[in-house]
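Q: Given next are the chains, with one letter for each unit.
2 protein chains.
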Amino acid sequence: MKKWLPRFSSTSTPLNETVNRSLDKQVKLAVTGLSRSGKTVFITSLVHQLLHGLGTTTHLPFFQIASSGRLRGTKAMPQPDMHIPSFLYDSAIEQLCGDPPTWPKPTNGISEIRLAIRYLSDNPFFKHLSPISTLYVDIIDYPGEWLLDLPLLELEYEQWSEQIARACEIEPRLSLSKEWRIFLNNLNLADEADETVMRQAANLYTDFLHQCKQHGLSLLQPGRFTMPGDDLKDAPLLKFCPLLEIPQIPQNTYNENSLFAEMKKRYNSYKEHLVKKFYEEHFSSFDRQIILADVLSAFNNGHATFVDMRDAINMVLKSFHYGKSGLFNKLFGGLKIDKMLFATTKADHVTPDQLPHLETFFQNMLATSHNNAIFEGVQTETLALAAVKCTQAAYTMFEGKKISCIKGVPLKSDKPVALFPGEVPPNVPMPEEWVKGRFHFVEFKPPRLANVHGGGLPHIRLDRALEFLLGDKF
Amino acid sequence: MKKWLPRFSSTSTPLNETVNRSLDKQVKLAVTGLSRSGKTVFITSLVHQLLHGLGTTTHLPFFQIASSGRLRGTKAMPQPDMHIPSFLYDSAIEQLCGDPPTWPKPTNGISEIRLAIRYLSDNPFFKHLSPISTLYVDIIDYPGEWLLDLPLLELEYEQWSEQIARACEIEPRLSLSKEWRIFLNNLNLADEADETVMRQAANLYTDFLHQCKQHGLSLLQPGRFTMPGDDLKDAPLLKFCPLLEIPQIPQNTYNENSLFAEMKKRYNSYKEHLVKKFYEEHFSSFDRQIILADVLSAFNNGHATFVDMRDAINMVLKSFHYGKSGLFNKLFGGLKIDKMLFATTKADHVTPDQLPHLETFFQNMLATSHNNAIFEGVQTETLALAAVKCTQAAYTMFEGKKISCIKGVPLKSDKPVALFPGEVPPNVPMPEEWVKGRFHFVEFKPPRLANVHGGGLPHIRLDRALEFLLGDKF
Numbered sequence: 001m002k003k004w005l006p007r008f009s010s011t012s013t014p015l016n017e018t019v020n021r022s023l024d025k026q027v028k029l030a031v032t033g034l035s036r037s038g039k040t041v042f043i044t045s046l047v048h049q050l051l052h053g054l055g056t057t058t059h060l061p062f063f064q065i066a067s068s069g070r071l072r073g074t075k076a077m078p079q080p081d082m083h084i085p086s087f088l089y090d091s092a093i094e095q096l097c098g099d100p101p102t103w104p105k106p107t108n109g110i111s112e113i114r115l116a117i118r119y120l121s122d123n124p125f126f127k128h129l130s131p132i133s134t135l136y137v138d139i140i141d142y143p144g145e146w147l148l149d150l151p152l153l154e155l156e157y158e159q160w161s162e163q164i165a166r167a168c169e170i171e172p173r174l175s176l177s178k179e180w181r182i183f184l185n186n187l188n189l190a191d192e193a194d195e196t197v198m199r200q201a202a203n204l205y206t207d208f209l210h211q212c213k214q215h216g217l218s219l220l221q222p223g224r225f226t227m228p229g230d231d232l233k234d235a236p237l238l239k240f241c242p243l244l245e246i247p248q249i250p251q252n253t254y255n256e257n258s259l260f261a262e263m264k265k266r267y268n269s270y271k272e273h274l275v276k277k278f279y280e281e282h283f284s285s286f287d288r289q290i291i292l293a294d295v296l297s298a299f300n301n302g303h304a305t306f307v308d309m310r311d312a313i314n315m316v317l318k319s320f321h322y323g324k325s326g327l328f329n330k331l332f333g334g335l336k337i338d339k340m341l342f343a344t345t346k347a348d349h350v351t352p353d354q355l356p357h358l359e360t361f362f363q364n365m366l367a368t369s370h371n372n373a374i375f376e377g378v379q380t381e382t383l384a385l386a387a388v389k390c391t392q393a394a395y396t397m398f399e400g401k402k403i404s405c406i407k408g409v410p411l412k413s414d415k416p417v418a419l420f421p422g423e424v425p426p427n428v429p430m431p432e433e434w435v436k437g438r439f440h441f442v443e444f445k446p447p448r449l450a451n452v453h454g455g456g457l458p459h460i461r462l463d464r465a466l467e468f469l470l471g472d473k474f
Numbered sequence: 001m002k003k004w005l006p007r008f009s010s011t012s013t014p015l016n017e018t019v020n021r022s023l024d025k026q027v028k029l030a031v032t033g034l035s036r037s038g039k040t041v042f043i044t045s046l047v048h049q050l051l052h053g054l055g056t057t058t059h060l061p062f063f064q065i066a067s068s069g070r071l072r073g074t075k076a077m078p079q080p081d082m083h084i085p086s087f088l089y090d091s092a093i094e095q096l097c098g099d100p101p102t103w104p105k106p107t108n109g110i111s112e113i114r115l116a117i118r119y120l121s122d123n124p125f126f127k128h129l130s131p132i133s134t135l136y137v138d139i140i141d142y143p144g145e146w147l148l149d150l151p152l153l154e155l156e157y158e159q160w161s162e163q164i165a166r167a168c169e170i171e172p173r174l175s176l177s178k179e180w181r182i183f184l185n186n187l188n189l190a191d192e193a194d195e196t197v198m199r200q201a202a203n204l205y206t207d208f209l210h211q212c213k214q215h216g217l218s219l220l221q222p223g224r225f226t227m228p229g230d231d232l233k234d235a236p237l238l239k240f241c242p243l244l245e246i247p248q249i250p251q252n253t254y255n256e257n258s259l260f261a262e263m264k265k266r267y268n269s270y271k272e273h274l275v276k277k278f279y280e281e282h283f284s285s286f287d288r289q290i291i292l293a294d295v296l297s298a299f300n301n302g303h304a305t306f307v308d309m310r311d312a313i314n315m316v317l318k319s320f321h322y323g324k325s326g327l328f329n330k331l332f333g334g335l336k337i338d339k340m341l342f343a344t345t346k347a348d349h350v351t352p353d354q355l356p357h358l359e360t361f362f363q364n365m366l367a368t369s370h371n372n373a374i375f376e377g378v379q380t381e382t383l384a385l386a387a388v389k390c391t392q393a394a395y396t397m398f399e400g401k402k403i404s405c406i407k408g409v410p411l412k413s414d415k416p417v418a419l420f421p422g423e424v425p426p427n428v429p430m431p432e433e434w435v436k437g438r439f440h441f442v443e444f445k446p447p448r449l450a451n452v453h454g455g456g457l458p459h460i461r462l463d464r465a466l467e468f469l470l471g472d473k474f
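Residue numbers (the working numbering), protein chains in the order written: chain Y, 1 to 474; chain R, 1 to 474.
Calculated from the structure, these hints are not laboratory results.
Each hint should be verified, as a subset may be incorrect.
Since the list can't tell identical chains apart, any single copy or any two copies may satisfy a pair.
[Stated by the list, open to error] Listed below are the simulated DMTMM-like cross-link pairs for lysine to aspartate or glutamate, each with C-alpha atoms no more than 20 angstroms apart in a straight line: (1) LYS473 - GLU179; (2) LYS330 - GLU280; (3) LYS336 - GLU432; (4) LYS277 - ASP231; (5) LYS264 - GLU162; (6) LYS401 - ASP194; (7) LYS75 - GLU256; (8) LYS276 - ASP231; (9) LYS75 - ASP194; (10) LYS339 - ASP287; (11) LYS25 - GLU158; (12) LYS277 - ASP414; (13) LYS402 - ASP353; (14) LYS75 - GLU281; (15) LYS25 - ASP311; (16) LYS25 - GLU256; (17) LYS407 - GLU443; (18) LYS276 - GLU158; (19) LYS445 - ASP414; (20) LYS318 - ASP287; (21) LYS412 - ASP191.
Here the structure is a predicted model, which is why all the values come from computation and not from measurement.
Please model the complete structure; the sequences and the hints are all you need to start from.
A: This is the structure in structure tokens:
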């Protein structure tokens, strides 16, 4: 029988210590990402590091509990929330470590996996009481689109419509939204609501969102339109769209059955049944939040995509503002999350000497929100990392001089190539400097690995992420 | 632009009467059925009759509000519950009335459609106050499997396991469950729960349920195993199964992490998150319940299938018992449903003279439960009906004598045939009388129809169903 979950991967010391359950701790790590940021790979590698990467003290040098030798073993456990789909680690790792290795299929919706990490406590009190403690780590995976829905909670239908209408005045949304805008302009919003018309408008708007996604844009609201899940696909609360112009209707002629009124009702129902529910059922219980982005893809796609990604992250971060005007405080009386990690993934797609630039660039991109979040009591960290390193540093000659490059198998090839991936500017280039072809970071295939479970997967800076996220819990 | 919903299909009288909204009434009709009973066709035809069949006084003679000429028109309206998927009437009627006509695809999960019926009130008081009233009819479609889950609420995991284990001792479940039973017998239930093992056991049990379904069996518990919906497919609460033998574990050695304990936890989580939630969110608001079954298919499949269908319906009906020991009273403080209609569908598959036999047979089959339900305050009715009539009465000669038969296009043919479908016994035959080949009722293609929206679809006794379900509401 094939084992989905490895047994305790015990390290040097035998497991003969007694465990005192009352001292055990628990932490809920929520992982999300803007589209195509490699969320599934990140979680798969994180789990793999914890299951298999703790046996040596050198694989995760910055993750102190591992490098200090206090780890006793990790195993996967039945998850606590039975109504949340399981994160299918087994199938993801099979794809990633198969022959040939492939990137795991992206997940849809929410999923969860629980790990139990046993370690030697160094707390002077506890260590005499019970030398071995357990930290339960619940990793919860959910679509970035759902996070991007949280700001809707502060917006009336009219306000949200205006935001979208403004965004559609500039490219690339101007062209991509054309068909939907023409349809909308031909409607009389005071007419009685007609189900066919509402569905057509919603479908055209959803098509537009799908096209935005293909163009690498991040800000796709409402998030469930592109990720509905089977159970809601045909529900009216997914069959509305924003309006380009809000009709001025005098109070005394307001018709509750008009197209406008019905659109507004559905928007409010969407917020109530989906956005608030997500906050109440899941988000409010998270202890730590990881937000992944793929900044290099924004380089490839140009200035508009970059701006969109920055705006999307900033919009989300506004929700985290504390204080009297804060969203979570106002609506739900607070937020548990005390640490947020922003990570730009695929850091192995640049040469090692460009890594600091990538990190600085990402920090600059988030500067405003970042400061606010610190100010408001959430500790934040910015990192460039590679969950699974699929290139190696190499050198090539350019005009007689050695130049750093990387070597890996491009996604659309079968042979390894050494290439110079381009330089990362430490500061955001001016709009006119984002000329076509200046940036072209290539995607790679996963590395072929021997003895996959003998140690953690190759990575860049995942140990720093682990230290930030879990280090204080041991 | 194609209209999904017809406008008020006004009949003779012009719509110049004032409408007093405060006098409007509302009724929630829940429709469910055992597998392959033709639930989607039933709802589609019901909606079509109400939208298009009320123009003449002869199409629905037993539906008094229609035959009395007091109907003013019906239209589809935006449904009240925005988080429930819409019943896609438009697409169903397109398939049913296409060229060639096809049976609409069955629905998965829950869906809803709202109709507004305007009529002339004959209430001596209201008719002067406001001659035109509106009855809002919400039709809610949900899988019969979910109804079959309600009895679980009264059963502990051990009790339910025992029921299933007993059912698997006789054919056809004995053979169909073989693989699952062998797997289960090789497990040590006191072992620590292993996710792979749990999933394998659940998958084998689910395969078994799918095979039961193919064999025409009705009692498929837990219902969500065969109809999970996308959002829950990989959730732990769908990854358990009943046990063949309950391990005898002394209290002091009970291990909370054992396979047995985890299975039991998941069963309870299934009840809590799915069964109870369905009751609370939906079932508790239903006014009337229609339960469809296809008794003729049970004839075709033999005695075991028939017994299973009878047991399934009886099991469900037990949940409707009122009084101190009643399930709904005990758990939720009551039930709104005051009328239940049991209908055996496809009554056009027998000759007209056999119709009374079919109805008597169905009544006898339900006799016990039926009486109980009346006793407990729910009015019940039993009917044999055809939502869409696809055969016509004809005659053929047999040994020189005229014999009744039916004419239609069999499902697996392109040409109409006249055939003698066999006799329906008014009483349940003894087990040994269900010999192979005695019963063989053929399935037919939908009829080709001209001028579909000029009148209601051809049917058998749908007017009686409408009168029972809605007649008292006008």
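Q: Can you name, in rising order, the numbers of the hints this structure does not satisfy?
A: Structure breaks hints 1, 3, 6, 11, 12, 14, 15, 21.
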